[in-house]
Amino acid sequence: MTSIPYTTDVRPDTGLTNPKLGIWLFLASEVMLFGSLFSAYALLRSGAPSWPDQSAIVSVPLATLNTVILISSSVTMVLAWAALTAKRVDRYRIFMGLTLLLGAAFLVVKAIEYSDKLALGLVPATNNFLGLYFTLTGLHALHVVGGLVVNAYLLGPGARMWKSEPERFTNRVEVAGIYWHFVDVVWIFLFPVLYLL
Amino acid sequence: MLGALSAPMRFLKYLISTDHKVIGLLYAVTSLCFLLVGFTLVIVMRWQLAYPGEPLPFIGELFGVANTPGGIVLPEFYNQLGAMHGTIMVFLGVVPLAVGAFGNYLVPLQIGAPDMAFPRLNLASYWLYLAGGLVMLVSFFVPGGAANNGWTSYAPLSDLAPGHGQTMWLGGMGLIIFSSLLGALNFITTIIQLRAPGLTWFRLPFFVWAQFITAFLLLLAFPALQAAAVLQGMDRLAGTSFFLPSGLAVSGQALDVAGEGNALLWQHLFWFLGHPEVYVLILPAMGIVAEVITNNTRKPLWGYRLMVYSVFVLGFLSFIVWAHHMFLTGMGTTISAFFQATTMIISIPSVIILSSLMLSLYGGSIRFTTPMLFALAFLPMFGIGGLTGLPLGLAATDVPLHDTNYVVGHFHYLVAPGTIFALFAGIYYWFPRVTGRMMNDTLGRIHFVGSLICMNLIFMPMFIQGLAGVNRRLWDGGEQYAHAQGVLSLNVTMSMAALGLAFFQLFFVANLFASLRGGRVADSNPWKATTLEWSSAGPVRAYRDPYVYSLPGAPTDFVPQNQRPDERPDAS
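Line by line, the protein sequences give chains H and F. Numbering-wise (this note's numbering), the first sequence opens with residue 1 and increments by one. Numbering-wise (this note's numbering), the second sequence opens with residue 1 and increments by one.
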């Protein structure tokens, strides 16, 4: 494979590496995806003759807990990257491990939420609010799973790159972090829209 | 080493290569096959429209008793053909050829990059596209057949369609959208980051600009359809009613769903993709035509900067015109006034680009090569397609014309003798770059003249039928409608022309295969072009604008972009 310029070093006139530009473009597309779904929510809710009291159906305490968990995981993700820039790969392992644990905890809480709903016979087909709730949080949870897979790779087999190309590995962690923060930001929008409003 | 590999192994090697040229060729071969499939579907439809209820000759039995008993096309099968013809042509044929094939092969070469910015994502993009295409094809063979709700898949019809065809359509679209997302971010990153030294933004060939804006449209518009597909998938599989209004009854039975959904939500999400998608079809075509015209007039492109600004405006405006597809939905006059205004405004940059291309011809010493013929035909054909679109952009005239054959004629003029002619021009033009051999000129000219005549004979009568009020998507071509009687015989003309078009494509296919081995051997720059894709290997650097042709005082009538100014002091 020919070597591609600006994979690791910054192109002077743009100030970017290829992966960093690529991830931002990917996220721009993701904004349009979730934006379309939020628009669908707005249109369906504003057009509905009645809308259920959301906070009476879904669990605000569990969602608050999940908000705290996900924001904490974003913090540990930044700390993991910062540890690499300080050449402290031991601390990187700890913080990346914590990020993984917190991400998994988020999914566990989500699973508890889902099973509570299903146990009460509240399924996507019940009404459009529950339909949107399952669709939006489900798609978000899929994004969390995707982030966990990438992070697990960067903690496990992918970490070998630290020995051969430390700078490139640090960039990879940064790019994975940008994605992880985006997943966090989506949740920051989902939480008020689906639980509080 | 390569010689030691057996033929299947070599084939496998191409399928997993991350080289942008190989991936571009994979896209080209695959999308040309899909174009052939889409064309075959419409030949069957055209037979049915010309001779409704009469058995299909020769191939009638091939589609199975469920679809064509005794060779007669059933209405359900006709609907599948219609929906899948549109889907395959747009999403699996034209766009992958224009962007996946031409873009992948040429953009890195024209900007002097070693490859795309993310070669492995590039390969993943191709595989997702192929998977999406196969899902679409396989859906013909599941019980109930393929999707049959039109290529727009309007809800609630598509929500409630029985069988798995529509669900597979949604899944296939999901794969295609993911593929185009990976492709789009790859193109944008490549063009921003990997331009060769000296290749500043305004030294980029217009083709690269067109691909750049196209990639942004793919990146930002397609997710709306992804969201819509997720929602419709939930409607179909999990029983939600996002697109199902309350009180809906099917065959006299009230539907057992929660209701309170909104069928127009689908249309909004679909057309939020759908309209930028129109420009995804057109912009790469304009890029190819610009390259061919400037090369064959031996003149710089007229209004290059103006064209670049126009393509930006076009890209931006294409996101705020979508509801002109929805004037019939009972939207208020304020909203329709907004979308009529934006629609009229977006025609300005389109006309600027088309005018610039035409003015580029003025005063040139035109070489009427085969690619140039296709590029020249593109101009009036695209003009007809564009101008007939104006009445559809105004609510007052759109209401009677909506869903008639007039609309079908309008967008086919844009895509068939428009975009597909540009793609043919591109194939004839860059074939020597890919294979080192020229395509046969005589066969090319027969292909051109035949296609031009047949395409006009197919699509021009559609305007006449549409103005007479003949609706599209009619299984019998309007046989049972009183107002269609006067224009019914045109169906036979159109269908014969479609068969003629198929006949003339044989010259293209034969030319393609024959020229691979037997074509005249070309040197590295047979068209005497200036852009970087024709320069021989070596460190690439650009020293000047893309189209320096007929420079006064220069020894040749073209100065390549990478020619050092001091090599020929009189050329700079």
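Mixed in with the good hints there might be a few duds.
[Claimed, not checked] Label pairs and their computed distance ranges (CB to CB):
| no. | chain 1 | residue 1 | chain 2 | residue 2 | range |
| --- | --- | --- | --- | --- | --- |
| 1 | F | M344 | H | S46 | 23 to 33 angstroms |
| 2 | F | L359 | H | V10 | 40 to 50 angstroms |
| 3 | H | T64 | F | I335 | 37 to 47 angstroms |
| 4 | F | F316 | H | F189 | 23 to 33 angstroms |
| 5 | F | S17 | H | A28 | 54 to 64 angstroms |
| 6 | H | I112 | F | A238 | 48 to 58 angstroms |
| 7 | F | V29 | H | A28 | 46 to 56 angstroms |
| 8 | F | T152 | H | G146 | 27 to 37 angstroms |
| 9 | F | F141 | H | V78 | 43 to 53 angstroms |
| 10 | F | V29 | H | L120 | 50 to 60 angstroms |
[As the list claims (entries may be wrong)] Listed next, the stretches of chain F that the computed footprint assigns to chain H, with coverage defined by at least 3 CB atoms under 8 angstroms from CB atoms of chain H:
| no. | stretch |
| --- | --- |
| 11 | 215–227 |
| 12 | 354–360 |
Bear in mind the hints are in silico, worked out from the structure with no lab data behind them. Where is the CB? At the ideal position from N, CA and C, for every residue including glycine.
Each hint tested on the structure:
1. Checking the proposed 23 to 33 angstroms range against M344(F) and S46(H) shows it holds: the Cβ atoms sit about 29 angstroms from each other.
2. Taken as a hint, the range 40 to 50 angstroms holds for the pair L359(F) and V10(H), whose Cβ atoms sit roughly 41 angstroms apart.
3. Remark: the range hint 37 to 47 angstroms for T64(H) to I335(F) is upheld by a beta-carbon distance near 39 angstroms.
4. Distance hint for F316(F) and F189(H): a CB-CB separation of about 25 angstroms, consistent with the stated range 23 to 33 angstroms.
5. In this structure the hint that S17(F) and A28(H) lie 54 to 64 angstroms apart at CB is violated, the actual value being about 29 angstroms.
6. Between I112(H) and A238(F) the beta carbons are some 20 angstroms apart, a value that contradicts the proposed interval 48 to 58 angstroms.
7. Hint check: V29(F) to A28(H), Cβ distance near 31 angstroms, so the stated range 46 to 56 angstroms is violated.
8. T152(F) and G146(H) have their C-beta atoms about 30 angstroms apart, which keeps the hinted 27 to 37 angstroms range intact.
9. At about 51 angstroms, the beta-carbon gap between F141(F) and V78(H) stays in the expected band of 43 to 53 angstroms.
10. Between V29(F) and L120(H), the C-beta spacing of about 54 angstroms keeps the proposed range 50 to 60 angstroms intact.
11. Check on the stretch 215–227 of chain F: 8 of its residues sit with their Cβ under 8 angstroms from a Cβ of chain H, so the three-residue criterion for coverage holds.
12. With a threshold of 8 angstroms between beta carbons, the proposed coverage of the stretch 354–360 of chain F by chain H is violated, since 0 of its residues qualify and at least three are required.
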